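Protein chains in written order, with the UniProt record's numbering: chain H, 1 to 300; chain R, 1 to 383; chain S, 1 to 374.
Hints are computed from structural coordinates only; laboratory data are not their basis.
Owing to the predicted nature of the structure, the values given are computational and were not obtained by experimental measurement.
Glycine included, each C-beta is placed from N, C-alpha and C at the ideal position.
Check each hint, because a few of them may be wrong.
If you only want the chain H side, here are some residues facing chain R, beta carbon under 10 Å, derived [unchecked claim]: (1) 159; (2) 161; (3) 163; (4) 164; (5) 212.
Among the chain R residues that face chain H by a calculated CB cut under 7 Å, a handful are [stated by the list, open to error]: (6) 94; (7) 97; (8) 204; (9) 241; (10) 242; (11) 244; (12) 252; (13) 275; (14) 279; (15) 285; (16) 378; (17) 381; (18) 382.
Residues per chain, in single letters:
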Amino acid sequence: MTLTSPNPNLAEPAIPGWQRTLRKLLQPVILLGPSGLWLLLLLVFPTLLILELSLIPGARLGNPPGPYGIGNYIEIFKPVYLQVIWRSLYFALGTTLFCLLLGFPVAYWIALKAPSRWRNLLLVGFILPLWTSSLLRAYAWITILRPSGLLNSLLGFFGLPGQEWLNRTPAVFIGMTYSYLPYMVLILYASLEKLDRRLLEAASDLGATQQQSFWRVTVPQTMPGIAAGGLLVLIATLGDFAVPELLGGASSMTVSRLIYNQFLGATRNWGLGSSISMILILGVSISIALLLKYGDRDAI
Amino acid sequence: MPPVRNSNFNSLPPHSRRRFLQVAAAATSGVMLSNCARALLNNASGGTTVQSDGRAGSGNQTLRIYTWANYTDDELLSNFKDRTGIQVIADTYDSNETMLAKVQAGGGKDYSIIYPSDYMVDQMSGQGLLSLLDRSKLDGINQLMDKWQNPAYDKNNAHSIPAVWGTTGLIFNPDVIQAEVKGWDYIWDNTEDLTRQITMISDVREVLGATLQYLGYSINSTDPAQIKEAYEKLLEIKPAIASFVTNGWEDQLAGGDLMISMAYSQDAISLIAEKPELQYIVPESGSSLWTDTMVIPKTAPNSEAAYAWLNFMLEPENAARLVERLKISTPNAAAFDKLPPKLQQNENLFPSKAVLAKCEGIVPVKEEISNLYDQFWTRLTSS
Amino acid sequence: MSQTVIQQDVAETDTMFDVELRKVFKVYNGETAVRNIDLNIRQGEFFSILGPSGCGKTTTLRMIAGFEEPTGGEVLIRGQSMANVPPYKRPVNTVFQSYALFGHMSVWDNVAFGLRLKDCPKSELQQRVGESLELVKMDSLARRFPAQLSGGQQQRVALARALVNRPTVVLLDEPLGALDLKLRKEMQLELTTLHRDLGVTFVMVTHDQEEALSLSDRIAVMNIGKIEQIGTPTEIYEQPCTAFIADFIGDTNLMPAELATLQGETVEATTRSGLKIWVKPQALFKENPTREVLVSIRPEKIQLGSTDSSEIANRYDGTLKHVMYLGNHTHYQVELPSGDVITVFQTNRSSEQLKPGMPIQIYWSASDSLALPV
Numbered sequence: 001m002t003l004t005s006p007n008p009n010l011a012e013p014a015i016p017g018w019q020r021t022l023r024k025l026l027q028p029v030i031l032l033g034p035s036g037l038w039l040l041l042l043l044v045f046p047t048l049l050i051l052e053l054s055l056i057p058g059a060r061l062g063n064p065p066g067p068y069g070i071g072n073y074i075e076i077f078k079p080v081y082l083q084v085i086w087r088s089l090y091f092a093l094g095t096t097l098f099c100l101l102l103g104f105p106v107a108y109w110i111a112l113k114a115p116s117r118w119r120n121l122l123l124v125g126f127i128l129p130l131w132t133s134s135l136l137r138a139y140a141w142i143t144i145l146r147p148s149g150l151l152n153s154l155l156g157f158f159g160l161p162g163q164e165w166l167n168r169t170p171a172v173f174i175g176m177t178y179s180y181l182p183y184m185v186l187i188l189y190a191s192l193e194k195l196d197r198r199l200l201e202a203a204s205d206l207g208a209t210q211q212q213s214f215w216r217v218t219v220p221q222t223m224p225g226i227a228a229g230g231l232l233v234l235i236a237t238l239g240d241f242a243v244p245e246l247l248g249g250a251s252s253m254t255v256s257r258l259i260y261n262q263f264l265g266a267t268r269n270w271g272l273g274s275s276i277s278m279i280l281i282l283g284v285s286i287s288i289a290l291l292l293k294y295g296d297r298d299a300i
Numbered sequence: 001m002p003p004v005r006n007s008n009f010n011s012l013p014p015h016s017r018r019r020f021l022q023v024a025a026a027a028t029s030g031v032m033l034s035n036c037a038r039a040l041l042n043n044a045s046g047g048t049t050v051q052s053d054g055r056a057g058s059g060n061q062t063l064r065i066y067t068w069a070n071y072t073d074d075e076l077l078s079n080f081k082d083r084t085g086i087q088v089i090a091d092t093y094d095s096n097e098t099m100l101a102k103v104q105a106g107g108g109k110d111y112s113i114i115y116p117s118d119y120m121v122d123q124m125s126g127q128g129l130l131s132l133l134d135r136s137k138l139d140g141i142n143q144l145m146d147k148w149q150n151p152a153y154d155k156n157n158a159h160s161i162p163a164v165w166g167t168t169g170l171i172f173n174p175d176v177i178q179a180e181v182k183g184w185d186y187i188w189d190n191t192e193d194l195t196r197q198i199t200m201i202s203d204v205r206e207v208l209g210a211t212l213q214y215l216g217y218s219i220n221s222t223d224p225a226q227i228k229e230a231y232e233k234l235l236e237i238k239p240a241i242a243s244f245v246t247n248g249w250e251d252q253l254a255g256g257d258l259m260i261s262m263a264y265s266q267d268a269i270s271l272i273a274e275k276p277e278l279q280y281i282v283p284e285s286g287s288s289l290w291t292d293t294m295v296i297p298k299t300a301p302n303s304e305a306a307y308a309w310l311n312f313m314l315e316p317e318n319a320a321r322l323v324e325r326l327k328i329s330t331p332n333a334a335a336f337d338k339l340p341p342k343l344q345q346n347e348n349l350f351p352s353k354a355v356l357a358k359c360e361g362i363v364p365v366k367e368e369i370s371n372l373y374d375q376f377w378t379r380l381t382s383s
Numbered sequence: 001m002s003q004t005v006i007q008q009d010v011a012e013t014d015t016m017f018d019v020e021l022r023k024v025f026k027v028y029n030g031e032t033a034v035r036n037i038d039l040n041i042r043q044g045e046f047f048s049i050l051g052p053s054g055c056g057k058t059t060t061l062r063m064i065a066g067f068e069e070p071t072g073g074e075v076l077i078r079g080q081s082m083a084n085v086p087p088y089k090r091p092v093n094t095v096f097q098s099y100a101l102f103g104h105m106s107v108w109d110n111v112a113f114g115l116r117l118k119d120c121p122k123s124e125l126q127q128r129v130g131e132s133l134e135l136v137k138m139d140s141l142a143r144r145f146p147a148q149l150s151g152g153q154q155q156r157v158a159l160a161r162a163l164v165n166r167p168t169v170v171l172l173d174e175p176l177g178a179l180d181l182k183l184r185k186e187m188q189l190e191l192t193t194l195h196r197d198l199g200v201t202f203v204m205v206t207h208d209q210e211e212a213l214s215l216s217d218r219i220a221v222m223n224i225g226k227i228e229q230i231g232t233p234t235e236i237y238e239q240p241c242t243a244f245i246a247d248f249i250g251d252t253n254l255m256p257a258e259l260a261t262l263q264g265e266t267v268e269a270t271t272r273s274g275l276k277i278w279v280k281p282q283a284l285f286k287e288n289p290t291r292e293v294l295v296s297i298r299p300e301k302i303q304l305g306s307t308d309s310s311e312i313a314n315r316y317d318g319t320l321k322h323v324m325y326l327g328n329h330t331h332y333q334v335e336l337p338s339g340d341v342i343t344v345f346q347t348n349r350s351s352e353q354l355k356p357g358m359p360i361q362i363y364w365s366a367s368d369s370l371a372l373p374v
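Okay, chain H solo, but in the shape it has when bound (with noise of 0.2 Å):
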């Protein structure tokens, strides 16, 4: 605004003060209302509703709610829900591991060695799976992966031993990775992308090597990209069943499998499973901060 008419009595020179303050007052409300509106009815208060819910131990649908306590949260404590979490933490930092690995060097190249004009047409080819529902990817490995499928059909080809991967936590790290590689490669090349190459001449000029370099300057540099990146890749993975179902086998009950049984299985304890939702949200919201703080001081 002030950039625009530096000089406001010049620009509008009818309107009265009182009515610019009115205005002055209004905007915000009219430009982040909607979104604002928004956001409190499908995250506030949601959250809200579940930490209520969270707060009364054994509430279920049709029951009369009991009084309130902090009993659902303890129950997480139980060994058998501990599992459940490690598991989710285990396949999700797996994943966001492999993700980084492997797009790393994919986002690396299309950002600084691909021929700028091919890059548009490199990522689309990239984020192209993402097209495609989960749910199909997730079965197109079922038929590689499987006894008789493709996998060991080449490997059978080539003389080499058949893998028994589906059904296996081998089987979950390859789906999800897939799944979730498109994203991490966007996000790092954004990063990798705005990196700035004067730096990385400088780093030579001084007597990096391109190892050093990419050590030394690249990786801090893109690290609020690569922290995003992991970050984004943690929470899909920890929100994602399907694919640990579908690929994992017989113990790939995950995190956000449990809090769906809790409150649309047969038990239906929508208390224990909002104090479920409450940690993942607590977790997700930590990490976040993290990020946030971390960003800032590298923020250049």
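Fit chains R and S to the supplied structure of chain H, relying on the hints for placement.
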């Protein structure tokens, strides 16, 4: 009983994705339609307070029904309209819990007919969500088979009319397995040879229930010791279990990557129609017997049309058509008589009395027991 | 413009050169950025490459640094060919135009970067980094991050980061371009002090002629990929070889003219408007007389008023058209009867005020009017 049932195995089963959406939908509908968590929980019994009986029978010529996918088709609906002049709008769900959540949250007020499964009838009537059926308005209820005259889930069919039923059993390829499979023994006896080659339904009560029956207990056991014993018994065959899936095993079973799948009869029969080399059995130790019913919720805006629908579906011709179309069993004896002999003799559709005698419907259990089941399930699927 | 490059290094074969460019060519996507450059930079020299933007000066610097490989020709540093020698193996360090400081490192770590890569022992590293920071007066801000520094402070860190490695040659790419005038003057002074104290060869690229003139021992003026002249600041200013240089460096009155035959040391040139100017031609013209020239007269060489001296060959009557008072000096524009307008700079020694419209006389000596190739 099945939380998810999809008779069309060829389309890549979209159930998991739908579940995903269901969670979101249930969560948002729950949020939008209630004021706070307590109100949300209370709404379950409070559903009755939002009665709109005044609108019933007001000559409204539209009937909204809430049902499983595939249970209605255009032909059925247009036949009904020709007969009664009532326009039917059918919405579908694919899990009882989703339907319940919607109805409890007050989102089911438009529906005059709902198709809950057996245990869900028990639960809904317990929460006062269902109207008592007026027998005087119903024709042909006496034609129901004996087993459905007075079902455990709804005494004297006070709130519900059974529509279709089925069993849960094992499907396999006898040529591949090269042994006579009569029940669960085969899996416990051959666990080592079956490593990651069987699938079981993704439902705690079905899986633990089948094991309970295998151990000689009731599928509805509420004895913690028995449930624990069943869990431990299941752990023995855990190495053989590739995954817990209700759908999605079909291709792998047909392709020989899986040896045996635990499946709902309806899914098994559909698959066998395409792959006749496969075989479905109800285990010797018994299985669950599930029924999907038709009910009139208390909030039904058009109960007159609802009764018309119930009577229409009770007609033997219409009930028989449902069997032919869905490859699903009917509880209607008169409809059974109208079926072609080939279907009548199909033991997968209509098991012998001896087999049926061993089948039990799954009924809801108390909260603590339900929690126990769930905890064992969580342990089973995360160990 | 013809190829009038005066090579004054030719005789100095015994001098050690830090940087030598031999017939260096650089072509980008079919466009020639640098054409056939020969350049010898002496040890310990403050050498500037001056030219307008796009003249190829930065490309030349980048070829010395190793960021670009010449398309043709050769770059030598201390007599060693730099062909296929990557930047990190060259004994040069660059101070980048925008400083290119590492934002994720403190000032100290930025300066220590190069030494750490060379596995410098800790005690030596501490000492050298400390000294460098002291040298640029940044020792008190060593713990800060670049984002917390002003432009001038960042400039100092960039200098320290380059100097700490004790390079043979320090390359400076428009080092003061981003600073405001006052800071620039201050840094100019510090740069010369640093250069004098350290005795390292500085090669600076700049488009600021004043900066080049005030800092450099020698200057190479580049235009459209070529070097037009190499010389000391005085040579470049007083005896520009081309009209481009005369115009680009400082101000000048440029008039196309035709030369008559040489009469002794001087020759009469006639401008298109008929104005006759006595010119002292350069050696080149004596050997290879060209008739079409550009006559260049620096405005500050022209005097206002009348003179009796017979030395002064050029005297004209005119009318004062414009007066622009600039404090310590004044710019005048004098219109001659021929229609030519001559710019004259005079320092303001008296407070006498000349008014536009006044008749006025101007004069300058023949040796102050240069005949440059067209």
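Proposed interface contact between residue 161 of chain H and chain R, which counts if any beta carbon pair is under 10 Å: 16 Å, violated
Interface hint compliance - residue 252 of chain R to chain H, C-beta minimum distance less than 7 Å: 6 Å, holds
Restraint outcome when residue 275 of chain R is required to lie within 7 Å of chain H by C-beta distance: 16 Å, violated
Restraint satisfaction for residue 159 of chain H [CB to CB of chain R, less than 10 Å]: Residue 159 of chain H check fails; min Cβ-Cβ to chain R is 21 Å, beyond 10 Å.
Hint check: 7 Å Cβ-Cβ cutoff, residue 204 of chain R to chain H: This interface hint holds because 6 Å falls under the 7 Å limit.
Status of the residue 285 of chain R interface restraint (C-beta, 7 Å, chain H): 21 Å, violated
Residue hint residue 163 of chain H, partner chain R, criterion CB-CB below 10 Å: Because about 12 Å separates residue 163 of chain H from the closest Cβ in chain R, which is outside the 10 Å limit, the hint is violated.
Hint check, residue 244 of chain R versus chain H [nearest Cβ-Cβ separation less than 7 Å]: 6 Å, holds
Residue 212 of chain H as chain R interface residue, shortest Cβ-Cβ below 10 Å: 44 Å, violated
Per-residue hint verdict: residue 241 of chain R, partner chain H, C-beta under 7 Å: 4 Å, holds
Interface hint compliance - residue 164 of chain H to chain R, C-beta minimum distance less than 10 Å: 7 Å, holds
Supplied contact hint for residue 242 of chain R, tested at 7 Å Cβ to chain H: Since the shortest Cβ distance to chain H is 4 Å, the answer is holds.
The structure fails hints 1, 2, 3, 5, 6, 13, 14, 15 (numbered hints given earlier, in ascending order).
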